[in-house]
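Asks: Read off the chains here:
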Amino acid sequence: MEHSAVESQTPDAPAGALLQLRGVSKHFPGVMALQNVSLDIVRGEAHVLLGENGAGKSTLINVLAGIYVADEGDITFDDKPYRPRTPTDAYRAGIRVVHQELNMLSHLTVAENLLFESLPRRHGLVNYAEMNRRAAALLKQVGLDIPPTIPVERLGVAQTQLVEIAKALCHESKLLILDEPTATLTSKEIERLFGILRQLKANNVTIIYISHRLHEIFEIGDRVTVLRDGQLVATRPLAGLTIAEIVRMMVGRSIKAEHMFGEDVQVGDEVLRVEGLRRSASAPEVSFSVRRGEIVGVAGLVGSGRTEAMRAVFGADPRFAGRIFVDGAPVTIASPQDAVRHGLSLLTEDRKNQGLLLGLSCLENITITDLAKVSHLGLLHRSAEQSAASALVDELHIKTPSVFQAVRNFSGGNQQKVVIAKWLFRGAKVLICDEPTRGIDVGAKQEIYELLWKLAAAGQGIIFVSSDLPELIGICHRIIVFANGRIVGEVPRTLFDQQRILSLAYEEYDLEPSN
Amino acid sequence: MSQATEPAREQNAGGRWNGVLRFLARDAGVAAALVLIVIFFSITAPYFATAGNFLNLFVQIAINTVLSSGMTLVILTGGIDLSVGSVLALCTVIGALIMTDRDIPVAASIPLALLGCMGTGAACGAINGWVCEQWKIPSFIVTLGMLNIASGAARVVSNNSTITGLPQSFIDFGNMIVGGVFPSIFLIAVAVILLGWFILRFTVFGRFIFAIGTNEEAVRLSGHAPRKYKIAAFTISGLTAGVAAMVYLLRLNVGSPIAGVGYELNAIAAVIIGGTSFSGGKGSIIGSLVGASILQVLTTGLQLFGLGDNFKPIVIGAVIVLAVVLDAYRDRLLRSLESR
Numbered sequence: 008m009e010h011s012a013v014e015s016q017t018p019d020a021p022a023g024a025l026l027q028l029r030g031v032s033k034h035f036p037g038v039m040a041l042q043n044v045s046l047d048i049v050r051g052e053a054h055v056l057l058g059e060n061g062a063g064k065s066t067l068i069n070v071l072a073g074i075y076v077a078d079e080g081d082i083t084f085d086d087k088p089y090r091p092r093t094p095t096d097a098y099r100a101g102i103r104v105v106h107q108e109l110n111m112l113s114h115l116t117v118a119e120n121l122l123f124e125s126l127p128r129r130h131g132l133v134n135y136a137e138m139n140r141r142a143a144a145l146l147k148q149v150g151l152d153i154p155p156t157i158p159v160e161r162l163g164v165a166q167t168q169l170v171e172i173a174k175a176l177c178h179e180s181k182l183l184i185l186d187e188p189t190a191t192l193t194s195k196e197i198e199r200l201f202g203i204l205r206q207l208k209a210n211n212v213t214i215i216y217i218s219h220r221l222h223e224i225f226e227i228g229d230r231v232t233v234l235r236d237g238q239l240v241a242t243r244p245l246a247g248l249t250i251a252e253i254v255r256m257m258v259g260r261s262i263k264a265e266h267m268f269g270e271d272v273q274v275g276d277e278v279l280r281v282e283g284l285r286r287s288a289s290a291p292e293v294s295f296s297v298r299r300g301e302i303v304g305v306a307g308l309v310g311s312g313r314t315e316a317m318r319a320v321f322g323a324d325p326r327f328a329g330r331i332f333v334d335g336a337p338v339t340i341a342s343p344q345d346a347v348r349h350g351l352s353l354l355t356e357d358r359k360n361q362g363l364l365l366g367l368s369c370l371e372n373i374t375i376t377d378l379a380k381v382s383h384l385g386l387l388h389r390s391a392e393q394s395a396a397s398a399l400v401d402e403l404h405i406k407t408p409s410v411f412q413a414v415r416n417f418s419g420g421n422q423q424k425v426v427i428a429k430w431l432f433r434g435a436k437v438l439i440c441d442e443p444t445r446g447i448d449v450g451a452k453q454e455i456y457e458l459l460w461k462l463a464a465a466g467q468g469i470i471f472v473s474s475d476l477p478e479l480i481g482i483c484h485r486i487i488v489f490a491n492g493r494i495v496g497e498v499p500r501t502l503f504d505q506q507r508i509l510s511l512a513y514e515e516y517d518l519e520p521s522n
Numbered sequence: 007m008s009q010a011t012e013p014a015r016e017q018n019a020g021g022r023w024n025g026v027l028r029f030l031a032r033d034a035g036v037a038a039a040l041v042l043i044v045i046f047f048s049i050t051a052p053y054f055a056t057a058g059n060f061l062n063l064f065v066q067i068a069i070n071t072v073l074s075s076g077m078t079l080v081i082l083t084g085g086i087d088l089s090v091g092s093v094l095a096l097c098t099v100i101g102a103l104i105m106t107d108r109d110i111p112v113a114a115s116i117p118l119a120l121l122g123c124m125g126t127g128a129a130c131g132a133i134n135g136w137v138c139e140q141w142k143i144p145s146f147i148v149t150l151g152m153l154n155i156a157s158g159a160a161r162v163v164s165n166n167s168t169i170t171g172l173p174q175s176f177i178d179f180g181n182m183i184v185g186g187v188f189p190s191i192f193l194i195a196v197a198v199i200l201l202g203w204f205i206l207r208f209t210v211f212g213r214f215i216f217a218i219g220t221n222e223e224a225v226r227l228s229g230h231a232p233r234k235y236k237i238a239a240f241t242i243s244g245l246t247a248g249v250a251a252m253v254y255l256l257r258l259n260v261g262s263p264i265a266g267v268g269y270e271l272n273a274i275a276a277v278i279i280g281g282t283s284f285s286g287g288k289g290s291i292i293g294s295l296v297g298a299s300i301l302q303v304l305t306t307g308l309q310l311f312g313l314g315d316n317f318k319p320i321v322i323g324a325v326i327v328l329a330v331v332l333d334a335y336r337d338r339l340l341r342s343l344e345s346r
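So the sequence lines, in the order shown, correspond to chains E and C. Those letters in the first sequence? Residues 8 to 522, by this note's numbering. Those letters in the second sequence? Residues 7 to 346, by this note's numbering.
Treat the hints as calculated values from the structure; they're not laboratory data. A few of these clues could be false.
[What the hints assert, rightly or not] For lysine-lysine, the following DSS-like pairs were computed, each having C-alpha atoms within a straight-line distance of at most 25 Å:
1. C:Lys288 to C:Lys142
2. E:Lys208 to E:Lys181
3. E:Lys380 to C:Lys234
4. E:Lys195 to E:Lys87
5. E:Lys147 to E:Lys195
6. E:Lys147 to E:Lys181
7. E:Lys87 to E:Lys181
8. C:Lys288 to E:Lys359
9. C:Lys142 to E:Lys359
10. E:Lys359 to C:Lys234
11. C:Lys142 to C:Lys234
12. E:Lys380 to E:Lys461
Please take these sequences and the hints and turn them into a complete structure.
Replies: Structure representation (structure tokens):
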């Protein structure tokens, strides 16, 4: 119903359409991932695709990329019928996709990854000199100052993301699809990416751009399409739209975007104190603390040592020095096992590789943190497990037909909720969240914020690591700022100011914050 | 939100049929293959469908079944145990030495031999697991080392000779056929399989085996020590090698340092044919029983055809690869069922 009404709002779109979708549908277990979506992408435009998790954005992209085959509907690309069955079909047609999940051959070098599909050859052998020269040029284009000869596994997430983007640039393409390219990038890197995209647009490359950062889409986008529950809600020109209007389209209800701090939370005694933490002999010392009921934000650029410090506190990585106190008493934490026993929990940055058991069910993922609670003498108590998991699925609004579904099929937001559910199942004094809202839509973000307040109000101490400053400012009591592996400053709530925090974060880098 | 619950309800309604199909594809596919093979040989091969032959089959699958139940645990964690064949040899030697020791009364020697076999096997397995975990070495290499060490130890302990003269009561027990249908050693194998199935399905330990095979790092960061469970899996694999050694002694009545050559590969084949994923996290121990049965039925059937020792390895080799190919197709089928 809704989308047909919307189509009539944009009668002028198809004039120079590069890509036309007509009635495209795709089903998954328990979900209509895409339902009768009709959409036109005009030549040379930057088209922004928005929607909550599970709204169907990634499915749509995967259909275009030849990863999924649509169940129904017709697609026309470049005036020819387009029905890709493999990613190669998409490449051949001139469509390049930069996926949200990074697909790198991590043992190979940056240059080999960049030019893997067409390695320069001489006499049938790889011409390494030529390869590295071309790779260096591509890296320069995305502003990445790294030698092309280092293996990809030694890069950080943000750098890897830029390499992925560079890879898409090295081939002539008519349509470039970017699925949340800025999720891990700093504002300076984003600025450079936008520069590249503008240049591509000038060269008549059409762009489909997915992002959850609503502020940035106005900088790059011409038109926006909003999806919700697999259906197309609207396609509009971005000019003249407000964030509030977009958010309303996405969630079907209005939510508070900022100023969401729960003032009534009572901050209690210190629950966790870290003193003189060092990850190696040469690393700087890190000290901080959290009180009961307090949400402490941790800001800093990607690679500033935030994640590493949190992992060291949790015992996930070895620690060279440092003392940890829980409830004022010194504790020994040599492994995650110790950390969990002393009431710490860590929501890792990389939920797929470190947080989830992808092949196992929602239930098995939730109860893994505390099987003792649902077993007796080593025997699992199935019904207790099921009711505990179901209760958490309901409480966190995890969308799934049953707790026995494999989490592999879940959307990013639902997967993140499962990770939270598993720590709620365990129950902890301190919850350390590393980028808990990354790659998650606004609706699910808001749910996670509300959940964190609730936990804080119940007396947990919360450490909230994030690259999204407005979100930190929105929900934290105070923010500590990391740079170059150490804490360069702490800002109380009364002094919260984006500019102040950013300049602290950039202090060591001799860079101007770009916004 | 109403849009989200609508397809969810559809899924539940169609879920029952999907469930049946999924059960067939995931759990019963290999069993169906076994039934088909048995029917095929029953019709075509002379003497296959006789009580005597089935009795024989039950006897012959016992050792591989016991070995593959322990192997299933190890493979589910993402490891491999190449040492079980020669650990079995070492255990047969030790068990036979205990039972033939004239200083030990017969009544005590049999339980002592059982303890000796299981203890030796468990110790070898524990060493495998501990070395793998302590130095983070792939189990393929560690257990390849143990394969050679246990084999050498068996020769040293036995003075390079076979040991005969086991107590008559022990031999009689091995020849016993319960109720005229089930050989005693087959019942031992069934007991081991059932125990293994129970452990994997209903215990916390079993859950950890699957979880570790799925994502070991996630298990570690959930506040557990995967190391402990992995060492336990190897220990159990060694323990089942010890039990298999007792079955070997019951069946062949000799302890031999050259027993069990290649048994580890049969066990791995049974596990893989039974549908357990080689990369861990997915599979079942009942599947391994079915896998072991398929291997033995094929072997016997081919022998009855007169296509004995030369053709057998060719067919078995093809079946192993075919099983994994079918497994890949089955995954695709399951996925398409799920996305209905």
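Asks: Evaluate each hint against the coordinates.
Replies: Comparing the hints with the structure gives:
1. C:Lys288 to C:Lys142: Distance ~23 Å between Lys288 (chain C) and Lys142 (chain C) Cα, so the pair holds.
2. E:Lys208 to E:Lys181: 10 Å, holds
3. E:Lys380 to C:Lys234: 20 Å, holds
4. E:Lys195 to E:Lys87: The given pair, whose Cα atoms are some 39 Å apart, is violated under the 25 Å limit.
5. E:Lys147 to E:Lys195: Roughly 15 Å separates the two Cα atoms, so the pair holds.
6. E:Lys147 to E:Lys181: 22 Å, holds
7. E:Lys87 to E:Lys181: 14 Å, holds
8. C:Lys288 to E:Lys359: This hinted pair holds, its Cα atoms lying about 18 Å apart.
9. C:Lys142 to E:Lys359: 23 Å, holds
10. E:Lys359 to C:Lys234: 24 Å, holds
11. C:Lys142 to C:Lys234: Holds: Lys142 (chain C) and Lys234 (chain C) sit about 13 Å apart, inside 25 Å.
12. E:Lys380 to E:Lys461: 23 Å, holds
The earlier numbered hint that this structure contradicts is number 4, and it is the only one.
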